[in-house]
Amino acid sequence: MPLDNKKSIDLLCSIIAISNSNLPLADRLNQILDILCGSLIFESVALYTLDAEKERLYLAASRNMDYLAEIKISDSFAEQALIENRHIIFDNIAAGEGLFKDTDSPRPAGKGAVFPVSDGNFSYGLMIANLPAGQSLNDSDLHIIKTISSEVAGTIRNVQLYSNAKKVVEELHLINEVSESANSSNNIDELLQLTLNKLIEWFGVRCGIINITGDNGSSERTIFLSHQSELAQDNVIQHCKECGLDIHTIEEAVLLSLTGLSESAGTCPSEAVIAAPILNGDKRIGAIILFGKRGETPFTKEDLQLLRNLTAQVAPAIENTVLLEKTKVIGREREVMVQELSMLFDLNKAIMTTIDLDRLLHIILTAVTMGDGFGFNRAILFLYNKSTGYIQGMMGVGPDSSEAAGNIWHDIHEKGKTLNDIIEDEELKQPQSQLNELAKGMRVSESEKSILQLTVKEKKAFNISDAWSDPRVNRDLLTKLNCKAFATVPLMASGRVAGIILVDNIYNNRPIDDDDIRLLTIFANQAGTAIENSILYRDIQKAHKEVKAVQNKLIHSEKLAALGEMAAGIAHEIRNPLVSIGGFARRLARHTGENDRESGYVDIICKEVERLENILNDILVFSKEASVESGQQDINSLIEETLQFFWNDFEKCGIEVEQALSPDIGYVKTNRQQLKQVFINLFANAKHAMENGGKLNVKSYPSESEDKIYVHVDITDSGEGIPLDIINNIFNPFFTTKDSGIGLGLAITHKIISSYGGEIKVMNIKDGGATFSIRMPAVNQDDLL
Amino acid sequence: MKKILVVDDEENIRFLYKEELGDEGYEVVLASSGKEALELLEANKPDLITLDIKMPEMDGIETLKKIKEIDKGMPVILCTAYGQYKQDFSSWASDAYVVKSADLKELKETISKILEKTAM
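From first to last, the protein sequence lines are chains A and B.
Numbers 1 to 785, taken from my numbering, label the letters of the first sequence in order.
Numbers 1 to 120, taken from my numbering, label the letters of the second sequence in order.
Some clues are possibly wrong.
Simulated crosslink set (BS3-like; lysine-lysine; CA at most 27 Å straight-line) [stated by the list, open to error]:
(1) B:Lys66 with A:Lys761
(2) B:Lys18 with A:Lys751
(3) B:Lys105 with A:Lys761
(4) B:Lys66 with A:Lys708
(5) B:Lys66 with A:Lys751
(6) A:Lys72 with B:Lys68
(7) A:Lys761 with B:Lys108
(8) A:Lys751 with B:Lys117
(9) B:Lys65 with A:Lys293
(10) A:Lys761 with B:Lys68
(11) A:Lys676 with A:Lys607
(12) B:Lys65 with B:Lys113
(13) B:Lys105 with A:Lys607
(14) A:Lys6 with B:Lys18
Away from chain A, derived, C-beta distances all over 10 Å, residues of chain B [unchecked claim]:
(15) Glu19
(16) Asp95
(17) Lys100
(18) Ser101
(19) Glu106
(20) Lys113
Taking CB as the label site, the calculated pair distances span [as the list claims (entries may be wrong)]:
(21) A:Ser703 with B:Gly25: 29 to 39 Å
(22) A:Ile355 with B:Lys54: 42 to 52 Å
(23) B:Gly25 with A:Thr592: 19 to 29 Å
(24) B:Gly25 with A:Gly768: 49 to 59 Å
(25) A:Arg587 with B:Lys54: 20 to 30 Å
(26) A:Gln632 with B:Glu69: 56 to 66 Å
(27) B:Lys54 with A:Gly768: 40 to 50 Å
(28) B:Lys54 with A:Glu651: 51 to 61 Å
In short, the hints are calculated from the structure, not lab data.
The model shown is predicted, which means the values in this text are computed figures rather than measured ones.
Virtual Cβ for every residue (Gly too), placed ideally from N, Cα, C.
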C-alpha cells in the first residue's frame with residue numbers, strides 16, 4: 001500500500017523521534033519495527049545486526065513472525081544485499097532462501113524483501129521483511145524504507161559508538177585500577193591477590209589462578225581465589241591440565257571452552273576459560289587462568305586482548321616485587337651473616353687474648369655456651385693426642401641441673417653480663433662443676449668405637465639427633481652425658497685434628513640445626529689453631545725451663561772447675577816452700593837425739609807438712625782432667641773413623657787410599673783417644689810425604705806367636721821414603737828437624753804404642769815410600785770373658 | 001862418686017837436694033836455671049840431672065830438649081810440683097818423672113835405679 005506524502009512524513013518523524021530517544025537500543029528498534037508494521041508497509045519484519053567479524057547476523061528485534069536467530073552471511077542473499085548495498089525483493093519468502101525459517105506450517109503469502117541497514121559508508125545489519133499479500137513497493141515506498149534504514153543504521157552506530165566508548169573507558173579504568181593496586185603493594189602475595197580479585201570481578205569468572213615461576217633466589221608461588229567454596233585450587237589446576245591447559249606451560253593467551261567442573265558429579269555445563277602468560281618484555285614470569293564462565297556471553301577476542309594488556313601492565317610490578325622480596329631475603333641473609341661474622345670476630349679476638357691453655361679452653365667453652373655466643377646448654381672440650389691416639393676430656397662448661405641452668409641464665413640476664421665481661425674475668429681458669437669433673441674423667445682410646453674417634457677420623461662434625469638409637473654412639477658416653485641429642489665438631493689446626501668440642505641442649509631441648517653446626521665449625525677451626533699455639537707455647541715454656549736448669553748446672557760445674565783451677569794454682573805455689581820446710585824438718589829429725597825435747601817438735605813439723613802435702617795432692621787430683629781410661633778398641637773402626645778426617649786433604653793432594661782391613665782381628669786394650677792420635681799422626685805424616693799425590697795403603701791383620709795373638713796395622717805411603725840419616729832417630733822426640741817434616745808426632749806415637757805394650761817400626765820400600773808397622777797385643781779371650 | 005846436676009830456681013830446694021843427695025853419697029852440682037844447667041853440663045859431665053819444670057825464661061821441658069840434643073843418653077829426672085805434666089807427651093822423653101815432696105825417698109830411689117841401669 002503506497003504511502004501518501006503526509007503519512008510518509010509522519011512515519012519518518014516518529015522514527016526520527018524514536019531514534020533520538022534515550023531508550024535502550026532494543027526498545028528503540030522494537031518501537032521502530034512496530035511503526036513499520038503498523039503503517040502496513042510490512043506484514044512482518046526483523047532487524048539483524050552484523051557481528052564484528054562480519055560473518056554472521058544476529059537477530060536484534062522482530063515483529064509478527066518467527067525469524068531465524070542467526071544468519072550466516074556467506075552463500076545467501078544477505079551477502080549480496082550487504083556487499084552490493086541494495087535491497088532485494090522476492091516473489092515469496094520461500095525464494096529468499098537462507099533468510100527465513102523453513103517451517104511446516106503454511107508460509108505467509110506476500111513478497112519477501114531484504115534491505116541493508118547502512119548509513120552509506122558501513123553496513124550495520126539487515127532488515128528482512130514479509131510484505132502484505134498482494135502488495136508491492138513503489139519507488140516512493142522504497143525511498144522511505146531506505147531513509148528509515150539509514151536512520152536505524154545511525155541509531156545502531158551511535159549506540160555502538162557509545163557502548164564502545166564506555167567499554168574502553170571501563171577497560172582503561174580497570175587497567176588503571178589494576179596498575180594502581182599492582183604498584184600499591186610491596187608484598188608479592190598481596191599484589192597477586194589484589195590483581196586476581198579485580199580480574200575475577202571484571203571477567204565474571206568463578207575463580208582465578210596466578211602462578212609465578214620461581215627462579216634462583218625466589219620460590220614458585222601460586223595464588224588461587226574463588227568466590228565459590230566448592231572449587232579448590234588443586235582441583236582446578238588439575239582439571240585445566242587434563243583439558244590441555246597447564247598453568248606452568250602457558251605461552252599464548254587463549255580462549256577455551258572446557259568441560260565444566262563441579263564438586264557434585266553429573267551434568268555440568270561447559271565453562272569458558274581465558275588464560276594468558278605473564279610476560280615482562282620477552283621474559284615469561286608466570287601465567288594466569290580465569291576459569292569458569294557459564295551462560296550466554298562467553299569471552300570475546302577483545303577480552304583476550306584486554307587480558308594481554310592487563311598482564312603486560314602487571315608483569316613489571318610483579319617482577320619488581322619479586323626482585324624486592326629477593327633483595328629483602330638476601331638483605332636478611334647478609335644481616336645474619338654480618339651478625340655471625342661479628343660474633344666470630346669477637347670470639348676470635350677473645351681467644352687471642354690468652355696463651356694460657358686452661359684459660360683459653362674456658363674462654364672457648366664459654367663462647368660456645370653463652371647466650372650471645374652459640375648458646376648451647378653444655379659444652380665439653382676434648383684434646384686429641386696424635387702419638388698415643390687417646391682423646392682426653394679437658395674441660396666441661398655448663399650447669400649441672402636444669403634448676404642451676406635456670407638460675408645461671410636468670411643471673412646473667414639480670415646482671416646483663418655479656419660474653420666479653422666473662423672473658424675479661426681474670427679468674428677464668430678451671431670451672432668448678434660436676435660437668436667439668438665428668439669431662440676430665442673422659443678418656444677414649446684409639447681402639448674404642450666412639451663417636452669421638454669417628455669425629456677425629458673423618459675430620460667432620462656429627463649432629464646426633466637421636467643418640468640412644470644411633471649405632472655410632474657408644475653407650476658409655478651416653479650414660480655419662482645422659483642427653484638425647486648432641487653434636488661433635490672437630491677442632492682443626494693446620495689440617496690436623498687438635499681436639500673435639502661436644503655440645504648439647506639438655507635443658508631447653510632446642511634442636512641443633514645445620515646453621516649451628518656450620519658456625520661452630522668455623523669457630524672450631526679458629527679455636528683449634530689457638531689451642532695448638534697454646535700447647536706449643538706450653539711445650540716451649542717447658543723446654544725453656546729444662547734448658548734453664550741445665551744451664552744452671554753448667555754454671556755450677558764451671559764455677560767448681562774455676563775453683564778447682566784456683567786451688568790447684570795455690571797448691572802448686574805452696575808445694576815448693578812445703579818441700580823445703582818438710583825436707584829440712586826431716587833432716588833435723590834425723591840429727592836430733594830421740595830423747596831431746598826438740599825431737600818431738602820436729603816430728604810435729606814433719607807430720608804436719610805430710611798432712612798438708614796430702615791435702616795438696618787431694619786438691620790436685622780433684623782439679624786434674626779426667627784420667628786416661630783404657631778400654632777394648634776395635635782398631636778397624638778407629639782407622640776408618642780417622643781416615644774420614646783426611647778425605648778432603650787426600651783428595652786435594654791427589655792421594656788414593658786403599659784399605660785392606662781384616663775383619664778377623666781382635667780388640668786391643670788402649671785409650672781410644674790416644675790410639676786415634678797414633679793414626680792421626682801416621683796419616684798426617686803420610687800426607688806430608690805425598691804432597692804431590694800418591695797411594696796410601698792401609699792394612700790390618702792378625703798374627704800369632706808364642707801363644708800370643710797380635711793385631712797388626714801397616715800404613716804404607718808412596719812418597720820418597722825416609723832419609724837414611726834420620727830413619728834410626730825418627731821416634732826420638734828431640735831429634736826432629738823441621739826440614740825432614742817429621743814432628744814430635746812420631747815420638748808421641750811411639751810412646752803411646754809402647755805404653756800399651758806394642759811396637760812400632762818403620763822401613764823404606766825399594767821403589768820409594770815407607771811403611772809404618774804397628775803390632776799390638778790383642779785382648780785375651782780370657783780378658784773378654 | 002856419681003855426680004848429679006840439680007836444676008831448680010828455688011834456692012831452698014837446691015840447698016835441700018844438695019844436703020840430702022850429698023848425705024846419700026853423691027857429688028851434687030847446682031844450677032838455678034836451664035841456661036846455667038846447659039853451661040855446667042859440658043864442664044861437669046854429670047851422671048844424672050834432676051830438672052825442675054816451672055822455671056823462668058827457659059822452662060824444664062825446653063831445657064830437657066836441649067840437654068837431649070847435646071847428650072841423647074843423659075838420664076834426666078823431671079821433678080815438679082805439677083802433676084799435670086804427666087799428660088804432656090814431650091815430658092815422656094825424660095827417663096823419669098817425680099812429683100816433688102818433702103819426703104825425698106821416691107826421688108832417691110828413682111836416682112839409684114836409673115844410675116844402676118846406666119852402669120850396666
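Hint check:
1. B:Lys66 with A:Lys761: Holds - the C-alpha atoms of Lys761 (chain A) and Lys66 (chain B) are around 26 Å apart, at most 27 Å.
2. B:Lys18 with A:Lys751: Violated, at about 32 Å.
3. B:Lys105 with A:Lys761: The given pair, whose Cα atoms are some 37 Å apart, is violated under the 27 Å limit.
4. B:Lys66 with A:Lys708: violated, 40 Å
5. B:Lys66 with A:Lys751: holds, 19 Å
6. A:Lys72 with B:Lys68: Violated: Lys72 (chain A) and Lys68 (chain B) sit about 159 Å apart, past 27 Å.
7. A:Lys761 with B:Lys108: Measuring from Cα to Cα gives roughly 35 Å; hence the hint is violated.
8. A:Lys751 with B:Lys117: holds, 20 Å
9. B:Lys65 with A:Lys293: violated, 140 Å
10. A:Lys761 with B:Lys68: holds, 22 Å
11. A:Lys676 with A:Lys607: violated, 45 Å
12. B:Lys65 with B:Lys113: holds, 22 Å
13. B:Lys105 with A:Lys607: holds, 15 Å
14. A:Lys6 with B:Lys18: violated, 199 Å
15. Glu19: violated, 6 Å
16. Asp95: Answer for Asp95 (chain B): holds, closest chain A Cβ roughly 12 Å.
17. Lys100: Not fine: 5 Å to the nearest Cβ puts Lys100 (chain B) too close to chain A.
18. Ser101: Non-interface label on Ser101 (chain B) violated, nearest chain A Cβ at 6 Å vs cutoff 10 Å.
19. Glu106: holds, 12 Å
20. Lys113: holds, 19 Å
21. A:Ser703 with B:Gly25: 29 to 39 Å: violated, 49 Å
22. A:Ile355 with B:Lys54: 42 to 52 Å: Cβ of Ile355 (chain A) to Cβ of Lys54 (chain B): about 59 Å, so the range 42 to 52 Å is violated.
23. B:Gly25 with A:Thr592: 19 to 29 Å: holds, 22 Å
24. B:Gly25 with A:Gly768: 49 to 59 Å: holds, 56 Å
25. A:Arg587 with B:Lys54: 20 to 30 Å: holds, 24 Å
26. A:Gln632 with B:Glu69: 56 to 66 Å: Because 39 Å falls outside the window, the suggested range is violated.
27. B:Lys54 with A:Gly768: 40 to 50 Å: holds, 46 Å
28. B:Lys54 with A:Glu651: 51 to 61 Å: violated, 44 Å
Hints 2, 3, 4, 6, 7, 9, 11, 14, 15, 17, 18, 21, 22, 26, 28 from the list above are not met by this structure, while the remaining hints are.
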